[in-house]
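Asker: Kindly generate the complete structure, drawing on both the sequences and the hints.
Protein chains in written order, with this note's numbering: chain V, -4 to 301; chain A, 1180 to 1492; chain X, 93 to 546.
One or more of the hints may lead you astray.
Said to hold, decoys possible - FRET-style restraints, in silico, Cβ to Cβ:
1) G153(V) - P387(X): 22 to 28 angstroms
2) G1383(A) - T110(V): 37 to 43 angstroms
3) F1309(A) - D133(X): 53 to 59 angstroms
4) P1469(A) - A285(X): 54 to 60 angstroms
5) L72(V) - I1287(A): 43 to 49 angstroms
To be verified - The calculated EDC-like cross-link candidates involving lysine to aspartate or glutamate, where the alpha carbons are at most 16 angstroms apart (straight line), are:
6) K1339(A) - D421(X)
7) K420(X) - D167(X)
8) K179(V) - D1382(A)
None of these hints come from the bench; they were simulated from the model. Only a predicted model underlies this, so the values are computations on that prediction, with no experimental measurement involved. Ideal Cβ placement from N, Cα and C applies to all residues, glycine included.
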Amino acid sequence: MTALPATHSAARQRRRRPGSALIRRRLAPYLFVLPFLAIFFAFSVYPLVFTARLSFTNWRGTGAAEWVGWDNYTYLLSNPGFWGSLGNSAVLWLLIVPIQLVLGVIVAVLLNSATLRLRGMYRVAFIVPFVTPLVAVAQIWIVLFDQQYGAVNAVLGGLGLPDVGWLTTSEWSKPTLALLFLWKTTGFIVIILLSGLQSIDNSLYEAADLDGASRVRQIWSITVPLLRRTIMFAVVLQTLAVFQMFAEPFVVTQGGPYNSTTTAGYYLYNHITRADLGTGAANSFLLVILVMALSLLFVRTLRAKD
Amino acid sequence: MADMTLTERDQRETSAPSTSATELGPVGARGSRRSQLRIGTHAFLLLLMAGFLAPVAWALVSSFKPANDIIRAPLSFDPSTFTLDNYVAMFHDVPIAHGFLNTAIVLIAKGAITMFFAPLAAYAFAKYEFVGKNIIFGAVLITLMLPTIVLIIPLLLEMKTFGWVNTYQALILPGAVDAFAIFWMRQVISAVPDELLDAARVDGCSEFGIFWRVIVPVIRPGLAGLAVLTIMNIYNDFVWPVVIASSEQMATLQVVLSTLAQNITGNRIGADYATVTGELLAASSVALIPLLVLFIVLQRHFINGILAGSVKG
Amino acid sequence: MHRHIKRRGARLAAIGAIAVGAMALTACGPDVTGGGAEAGDDRLQAPTAQGPEGEITIWDRSGDLFEVFEAAIDDFNEKYPNITVNHEAVDIDAKLQNTLITGTDVPDGVFLDDAKVGGFAEYLWDLSDVLDPYVADIAPQKVDVNSVDGGIYGVPFDLDPGLLWYNAAALESAGVDATQIETYDDLIDAARAYQAAKPGSKPIHLEQSAFLGQLQLEMYANQLGTSIADENGDLRLDSPEYEQILTFLDTVQSEGLGTRAEYLSPTDIAELENGNQVFYPWAIWFSFAPQQLLPETSGDWRAMELPAWEAEGARSGAMGGSSFVLPKDGENSELAWLFYEFLMFDEAGYTAVWGPNDIYPTGLNTSIPSYSPAANPSAPLFEPVDALGGQDLWAVATEAGAQIPGGTPIPSWWAGAVDYLGNDVQRMLDGDLTPDQVLTGSTEAIQTNLIDRQ
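Answerer: Shown next as structure tokens:
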């Protein structure tokens, strides 16, 4: 691994390049971002600002909107349902993200090995759930996790374990939903991690191999530290995904039993279906603040291990 | 916000891409311990693979069972009752072929826009200074954190103003070059050493030429990854298409599926519950195939891309 | 040093984004001052022209019912040859709200759950005038669920009378005569007797889905002439009627007489098939279970009127049901009215819907018409059902349907109440709440979170 000199390239450029090239270089980024900006402003920023304004009204999709100030926000912040939905998402996060990272790193490292046979087959296999339409997944889950006649409990019964009310008790509904999410999205995390693994210099492993370091030790002391940036990225992405999670509870549990799977994203959707658009908008901005804070926290924590 | 991005310190950590393409794994003869390890690896991966494939296998197998049996005896399969009824009924009842066509149109147009303009913009964010850069990137991050469902009503009203309801534009443009693509491509491009760009400039490359001839080849694995995710997102997206494509002519594949599923998830009441479940599983199986084939093809590029990127580096 | 700069950049970015937002606030967003819809011009009138012509777009859910309506279009065109019907299978729950908000490509007629009609009323035609010739002959419960502030916003489609479904063969072999059941007390006695004859059985179905459980609760309440809220939208949950119903459910649960399962889930089906679950107080649409999902006990099942809450009380209440709504932004609403008028109130129309057809060779027997001339007990539209041992379900259902009390509107927030009332009923069935706690707790939660947020 050759250390790169941390020279500030822009400064160097200024010394070497004639004026016209410099002008072109100054102009280039504006041209590069322009197409993106056009789409971004039209279809992201505009609706975002609209939503921001909506969050201070009681608009129900028709007629006149009444300005209600912070009313939607104070209603949510004093509502046990709102805090309950955040709690549900937090529990799901704990059930999903750590497991997914460990599993994702292991699988990505194994699949990254050039000497592994059948690598293509495995890659396809792990991506299959990600490709399966969610509406089909919902039916699959409902049947496989039925308390008395589902395949999962049949296997448990064979092992002499008691039946579990996977989708019918508030204790088990979150793990069941987490399992669905893990099953569906781990392939995605593997892809992200695989692309991160590409940037690791293999001479490091070769050196470690010569030193006689075991494979597990190599993963822990070479791969994980060098993947830190990619892992951080995955954590942030999955944090967003878990707190915004909506489609999964929508198709499998409809938020139940007893709102135990009413995630932050699903709770928000409830306002929108009731045409309570202002409260829905306020709810989503509260979520943005929370998710932003969490993301920064993770980034700091992972950086701190330098 | 910018803390989330790459600092030079990280750049040094990650170093240049590998110089050796073939020896990705540690090499060295350690005889039986190695083969044990290899067997263990395969056992682990096979087991995991079984877990990942079993639910889908169930859906595939069930789609060939009589509809009532799927509900009544979900775990049994009697080969003598093998039937194509669910498929026949599904092809008769829902315009799935038309759904495929619409999905293909959207996929190609939206995918092409995203795959070209996202890396280009991300390149500007990663390697240039320009006025408003941080503000715009901050806004990108906010949209990334905003649950998309909340934007649907404002977007719909906008589509109405443009007269775009039930048009391909409405399916293609919103969500193209999405915040995630920018965010991720910026991460990937940030990892490319500035020295490569400077060297290209010395060689007389134009700014766009640097992007096209230096950046794109080096980040090819990342691009392949972006392609996979973009394709899947577009293919599987149903919330926005369901909302904006209310006419049958504009229905994408997922709209067709969700129309079927509505009878099950939203409304388990009714005589045709079993029939619809059968049709849904048949439709899902059909929907799965093109993407699987595409991925099998793409994943070869994925690996090739990795090699190409490594060699160039 | 470098990091410090980056961090300041972050702060700048955040401030900048807020500034962009603040500037744009004045430029876009919902119209805060715009006027609402004017009253008076939202009552649909029937077309007066001879030989009406034009095109209408009709949304229905996909599935068998779609096929039934599709087939009925041919009959409609015999009467109105110049009206072209574009019939589309649509994910209505997902699309209707957004389509109405944008007002673009709005269909002329939409199939909609009764419980959702109230929520869309301001986008819909008031059908009071066109329904006027028929309204006296429509089941009062169906008129009520489509009524908001004196207007009627849906053409009533089906009536779904609650019936007591029972496994006649299993009960007979246990020496229990179900036909003697007249009140819910009788039902509990019969369940006890069956359980004594078949130890381990749990004879009465207790619904485990919060949504369907609440729907069933409203069926019981409808029987008593009440519903969750009155015509002014005021809650009337904390009442002797609801107390009586919940006490009944609580008794079934606490005495171990009930099978807790979600409607027709694998567990539910197995318990129906093995004779552990023999009483199923449910709407007429349960009829498809013995016909399609219960091969072991098919032929053993029968339907009868629900037990009464007190002697001589009504023997049925409605559970579920749908109507057809006509959005004001539709292009040819008056032609869509002709379509629904034909389907529901013209003999050729309702015969095409409920009578034998290609999709249902013996007729559509999961609901009955809500228009009483069509629901004549002695003039059946669908045939006796083999899976019910050849029972004349038509007669049972229409006689039960005729007893369904009115005065039971559905508030627009009904589905949202599942988070409170539906869940609390399930908690009671878990043994965690008393009927009183359910009623007081749900009343307060619904008032705060749904009614006060209107």
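Asker: Does each hint fit the structure? Answer for all of them.
Answerer: To see whether the hints hold, each was checked on the structure:
1. G153(V) - P387(X): 22 to 28 angstroms: With a Cβ separation near 27 angstroms, G153(V) and P387(X) satisfy 22 to 28 angstroms, so the hint holds.
2. G1383(A) - T110(V): 37 to 43 angstroms: holds, 42 angstroms
3. F1309(A) - D133(X): 53 to 59 angstroms: holds, 55 angstroms
4. P1469(A) - A285(X): 54 to 60 angstroms: holds, 59 angstroms
5. L72(V) - I1287(A): 43 to 49 angstroms: holds, 45 angstroms
6. K1339(A) - D421(X): This hinted pair holds, its Cα atoms lying about 14 angstroms apart.
7. K420(X) - D167(X): violated, 26 angstroms
8. K179(V) - D1382(A): Answer violated: K179(V) to D1382(A) is near 47 angstroms, above 16 angstroms.
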